[in-house]
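Now for the letters of each chain:
There are 2 protein chains.
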Amino acid sequence: MLYTPPIARLVEELSRLPGVGPKTAQRLAFHLLKVPREEADSLAQAIVEARDKVTFCTRCFNFASGELCEYCLDERRDPTLVCIVERPQDIVAIERTGEFRGLYHVLGGAISPIDGIGPEELKIRELMERVRRDEIREVIAATNPRVEGEATAIYLANLLKPLGVRVMRIASGLPVGGDLEYADEVTLGRALKGRLEL
Amino acid sequence: MLYTPPIARLVEELSRLPGVGPKTAQRLAFHLLKVPREEADSLAQAIVEARDKVTFCTRCFNFASGELCEYCLDERRDPTLVCIVERPQDIVAIERTGEFRGLYHVLGGAISPIDGIGPEELKIRELMERVRRDEIREVIAATNPRVEGEATAIYLANLLKPLGVRVMRIASGLPVGGDLEYADEVTLGRALKGRLEL
Numbered sequence: 005m006l007y008t009p010p011i012a013r014l015v016e017e018l019s020r021l022p023g024v025g026p027k028t029a030q031r032l033a034f035h036l037l038k039v040p041r042e043e044a045d046s047l048a049q050a051i052v053e054a055r056d057k058v059t060f061c062t063r064c065f066n067f068a069s070g071e072l073c074e075y076c077l078d079e080r081r082d083p084t085l086v087c088i089v090e091r092p093q094d095i096v097a098i099e100r101t102g103e104f105r106g107l108y109h110v111l112g113g114a115i116s117p118i119d120g121i122g123p124e125e126l127k128i129r130e131l132m133e134r135v136r137r138d139e140i141r142e143v144i145a146a147t148n149p150r151v152e153g154e155a156t157a158i159y160l161a162n163l164l165k166p167l168g169v170r171v172m173r174i175a176s177g178l179p180v181g182g183d184l185e186y187a188d189e190v191t192l193g194r195a196l197k198g199r200l201e202l
Numbered sequence: 005m006l007y008t009p010p011i012a013r014l015v016e017e018l019s020r021l022p023g024v025g026p027k028t029a030q031r032l033a034f035h036l037l038k039v040p041r042e043e044a045d046s047l048a049q050a051i052v053e054a055r056d057k058v059t060f061c062t063r064c065f066n067f068a069s070g071e072l073c074e075y076c077l078d079e080r081r082d083p084t085l086v087c088i089v090e091r092p093q094d095i096v097a098i099e100r101t102g103e104f105r106g107l108y109h110v111l112g113g114a115i116s117p118i119d120g121i122g123p124e125e126l127k128i129r130e131l132m133e134r135v136r137r138d139e140i141r142e143v144i145a146a147t148n149p150r151v152e153g154e155a156t157a158i159y160l161a162n163l164l165k166p167l168g169v170r171v172m173r174i175a176s177g178l179p180v181g182g183d184l185e186y187a188d189e190v191t192l193g194r195a196l197k198g199r200l201e202l
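Top to bottom, those sequences are chains A and D.
So for the first sequence, the numbering used here puts the first residue at 5; every next one is plus one.
So for the second sequence, the numbering used here puts the first residue at 5; every next one is plus one.
Errors might be hidden in some of the hints.
Same chains, same label: a pair holds when it works inside one copy or across any pair of copies.
Computed list of lysine to any residue pairs in SDA-like fashion (alpha-carbon distance at most 20 angstroms, straight line) [what the hints assert, rightly or not]: (1) K38 x S19; (2) K57 x S46; (3) K38 x Q93; (4) K165 x E130; (5) K38 x E16; (6) K38 x K57; (7) K57 x R13; (8) K197 x S176; (9) K57 x R31; (10) K27 x T101; (11) K57 x R41; (12) K38 x V58; (13) K27 x E90; (14) K165 x P83; (15) K57 x D45.
Keep in mind the hints are simulated off the structure, nothing from the lab.
Just so you know, these numbers come straight off a predicted model, no measurement behind them.
Hey, can you work out the whole structure from these sequences and the hints?
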């Protein structure tokens with residue numbers, strides 16, 4: 005046995021984290037044994053507290069600390085414009101841009117028959133109810149630009165357009181700072197199709 | 005605010021871990037919110053438990069769960085041969101080799117005047133007492149092959165040799181699988197000096 009049992013257990017638990025192999029887990033474990041006791045306790049407490057206090061927003065299914073998330077509570081935001089994302093962390097990415105002042109709707113994933121995820125597994129029924137109830141005029145399908153995300157965006161467009169909602173899709177194209185030479189042909193094709201006038 | 009407060013706190017606590025930047029901290033936090041509740045609690049508990057239960061071995065200052073660490077408790081090990089290391093994790097590295105069947109002594113660092121670490125800050129007095137008491141015949145200075153580790157090894161040799169103890173130093177040289185072309189000159193010089201007959 006390389007570690008005394010409580011250390012072995014800690015290394016094992018840390019190894020379950022994504023991107024944490026046995027070497028990193030060992031480094032983290034020894035770090036947690038070295039820092040002031042309060043710092044280790046504080047991390048443990050933050051984990052438990054996050055699980056105790058974090059709920060889902062009843063309107064958009066983002067993470068929240070109460071009934072509604074901070075975006076749904078923010079009255080300066082435009083409630084008739086809704087950005088549809090797969091996961092709560094996608095909201096963080098969009099908020100970082102500072103380019104969006106509407107509300108969100110978290111589907112909880114994308115349609116993926118191969119993984120057994122159909123429209124019923126996602127918050128699509130709730131989205132439809134919300135669109136009808138809240139007089140939403142425009143939605144932006146910001147699902148990931150992969151097969152499943154594209155299929156989900158098209159599926160949503162087919163459902164929402166008949167309700168008179170404008171359905172938009174985030175642009176695909178070359179990343180800023182990217183290089184034509186190294187772009188894959190699908191991305192470059194999209195960049196051409198989605199060209200904008202200067 | 006990008007995250008709801010309990011998530012913000014978790015991300016912040018996770019960011020304090022070594023090698024964990026804000027992006028990784030976010031990924032870990034969202035992972036801990038997604039996994040079954042028991043898995044998150046289990047990690048939190050392992051952290052607290054490690055801090056509650058892990059003590060220092062009263063003989064060698066390795067991490068232990070009781071009075072003595074498992075190496076000091078293991079009667080099949082040779083107690084007259086002691087490997088001196090800087091930190092407990094160095095013991096893990098040596099144990100992985102399967103080449104050593106003696107006991108250990110953890111100094112708690114290396115002599116480094118620039119960091120204010122003199123011999124008094126390390127478990128050197130305890131090592132001297134132990135050498136006298138336990139009839140140790142050989143010690144291996146396995147401090148890191150850097151300036152501080154080398155200085156510490158030489159310091160220990162000067163203290164221990166007069167007591168009639170054989171003081172050895174781990175070999176420096178090219179890492180196995182290494183390449184002469186890319187070896188630095190100090191390492192290659194050491195490899196030549198430490199040559200062994202085939």
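Tell me, in ascending order, the numbers of any earlier hints that this structure violates. Of the numbered hints given earlier, the structure breaks none, since each of them holds.
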